[in-house]
Amino acid sequence: MIKFFLMVNKQGQTRLSRYYEHVEINKRTMLEAEVIKNCLSRSKDQCSFIEYKDFKLVYRQYAALFVVVGIDQTENEMAVYELIHNFVEVLDKYFSRVSELDVSFSVPEIRLS
Amino acid sequence: KMVKGSIDRMFDKNLQDLVRGIRNHKEDEAKYISQCIDEIKQELKQDNIAVKANAVCKLTYLQMLGYDISWAAFNIIEVMSASKFTFKRIGYLAASQCFHEGTDVIMLTTNQIRKDLSSPNQYDTGVALTGLSCFVTPDLARDLANDIMTLMSHTKPYIRKKAVLIMYKVFLKYPESLRPAFPRLKEKLEDPDPGVQSAAVNVICELARRNPKNYLSLAPLFFKLMTSSTNNWVLIKIIKLASILLCFGALTPLEPRLGKKLIEPLTNLIHSTSAMSLLYECVNTVIAVLISLSSGMPNHSASIQLCVQKLRILIEDSDQNLKYLGLLAMSKILKTHPKSVQSHKDLILQCLDDKDESIRLRALDLLYGMVSKKNLMEIVKKLMIHVDKAEGTTYRDELLTKIIDICSQSNYQYITNFEWSVLLPAGFGLLTGVTWGCPLIPPHPLHRYISILVELTRLEGTRHGHLIAAQMLDVAIRVKAIRKFAVSQMAMLLDNAHLLASNTQRNGICEVLYAAAWICGEFSEHLEETNQTLEAMLRPKVTTLPGHIQAVYVQNMVKLYASILQQKEQAGDKEAAQEITQLMIERLPQFVQSADLEVQERASCILQLIKYIQKLQAKEVPVAEEVIALFAGELNPVAPKAQKKVPVPEGLDLDAWINEPPSDSESEDEKPKTIFHEEEQRHSRHRQPEIDEEELARRREARKQEQANNPFYIKSSPSPQKRYQDTPGVDHIPVVQIDLSVPLKVPGMPMSDQYVKLEEERRHKQKLEKDKKKKKQKKEKRGKHHRHNSLHTESEEDIAPAHHVDIITEEMPENALPSDEDDKDPNDPYKALDIDLDK
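Just so you know, the sequences run in chain order A and B. Using full-length UniProt numbering, the letters of the first sequence map in sequence onto residues 1 to 113. Using full-length UniProt numbering, the letters of the second sequence map in sequence onto residues 1 to 839.
Treat the hints as calculated values from the structure; they're not laboratory data. Please note that a few of the clues may not be correct.
As the list claims (entries may be wrong) - In silico EDC-like pairs for lysine to aspartate or glutamate, Cα to Cα no more than 20 Å straight-line:
(1) A:Lys56 <-> B:Glu206
(2) A:Lys53 <-> B:Asp365
(3) B:Lys173 <-> A:Asp102
(4) A:Lys27 <-> B:Asp68
(5) A:Lys44 <-> B:Glu601
(6) A:Lys44 <-> B:Asp365
(7) B:Lys332 <-> A:Glu21
Source: prediction; values computed, not measured.
Turn these sequences into a full structure, and let the hints steer you where they fit.
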């Protein structure tokens, strides 16, 4: 089960967040900060799956933007990994060469997708 | 309310401006945002729907940043009801972000959503469906279930897909909708549009995950889909579903054929696919299949080999992700086919050295299963090197736990060398740079495990002191042959405790002292220098340790004291005996003054006892025997579920009333009256001196006059006046006396004295059990001092001194079975979905 879907930049600013389970507002920021800290501390040649608390994070880096998805144990990590890529490809098609600015400014469109 | 003209409206910030503004105001972001929020509040008060929508749009963005927008819930609903699609979309988006079950205005949305669902514009319907899925509540689900079900057969696949997906949420919130909706859901599996089909597969997959047995009948349908579909995403889901059904099928022999049938297409897929995710899923499922068929299927070892081969390729791949997945899958195979994995041990050990933490963790996990007597020490040695390298990370803690786990699994069956394991924690107790007084015992084959434990305590800042302490205690209790060594190490630790106590990172390391003190005290017969150890425990610095550790110190001091006393008395050395008593009396007061309650209590008890002993010693009475008798008997480990398993003694009926139930009806009638009368008497007694009849009449007249003259006074009807006359006569006033001695019956709420009764009953039951246990213990041959609430089982088989674990079984009440059911969560929403769909 996918718990949440985040797009966070390297400075730790959340560009897009989507929670599929109800999480309190103040906890969300904390969670996002921790998650991005975990992802930033990884180097390029480390694998994209991090074990964090009782679920897993699958992340992919695209330039300065990290797409992080939190999943639980029953989910196929590889499938989610490819899902992230699929999503980014869709965004690319929609915005024709998507960039971080597009993501920040077109939040409603992306959210609904 | 400032009414802005349309020109001014142009200067309203839209979302883009907001985002830009936030980017520009990096320093005073909070201030800028609160300013924006004020502007938004103004905009929301306007009537223009476009303005409102803009405001809500900005609010959504702010919510994403972490600001609460639930105050705008009503406004969001207004925007949801806009006729223009773009505005409506914004409204639903905001709702999906911030509405949840606690939002009270949600029920206002029901009709709006219903209207949108039946709208001719498919996009309206679509956005309503998407938005609804995020905040559907049981009430909403119940009201809208039918509408959504009809939408499942909509002409447009766009809508069908969304409807199918949202049905899952509806099922979760309102389980009764599952049965009527299910036939339609089944139809969607064969929908011509692949999107709808995939949606249906997903929903059924999720449902089946929780209640697999209801969906077994769909198995042939899925099989067909699996062999015919070319869409990878769908395939992954179907295969996952197949594995779920299988895992269930493994428990009950409902569909063994399913497993066999699946193997072939799965292996085909494994060979043919280039998609890693699909490959991974297939491998996982094959493992699941093989686990379920593990009994007596020789020709399937070929499939296992195939899987292991493929996994090896994955692990060897340079892509970290694949490595990770390979290791993950291997650990699954490990559980049922450990031998096939053993041959790859070298590869896994290699992975341990990987730079990537996740991979190391996975490799650790695998090692846990691959440990054997021969390679244990080698593996742990390697892990210790890692522990040294990994400073201050969660990885290190994970490592420590793993090391301890590996060593202690299956009651230490792999440890040939317990002394090794005792040294580990003791070693970790020191600051780095401080060397042990005594050299680490050379790798004598019998001392390894303890030595590792001792070393583990040497690490600074470890959070595992508690764990290590527990391990040491465990090892020392269970393996009798090791006690001598353990005691000697612990004594050394106690001697050097001043180094530990001064360490700033005390939390973990001090716990080791807890174990050390206890071990020395309990097994003091193995101590060489009992006096020295006792003095070490009596040092003033000990009072700086945490309370619970001091308490253990105090208790064990007495044990040591007892054994010294016995030694001295047997040697006829009365002076030394009195000396030691004097020492105790001098040093104990520092504990009596402790802030910790437990320490204080124990110390004062013991101090009194020792003073008494001193008096006896002065009279030349030999006391040692009796003092020793205080600590006679063995303390064995108690099983964690022992308390639950204590059988209810015969003749005890837990449901019987302890006291007679109070007769409610009688007391209610009687008592109010009696109190009432008293009250009345008091009333009349009270009132008479104060208010006179005549006085009252006079006052009334005056009041009436005033009221007649007062133009603003609304004259009341004549009846109230009668009541004034009645005031002295209390009989007519319908006063309800609340007699608190009888419980106030609030319908629906539990009465507090019910709880009191329950508590009484429970305590009564406990007391009965304790009594029974006391009786049992008295019957035992050895006179035991009542320390723990444990029943003694005969489990002390003395095995030949090859360092075997002596005490394997934990203490349980007689005839209790070790296994127990786990408590299941009664509020599990998935349980409600357990409906048999074939009926």
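Which hint numbers doesn't this structure obey?
Violated: hints 3, 5, 6, 7.
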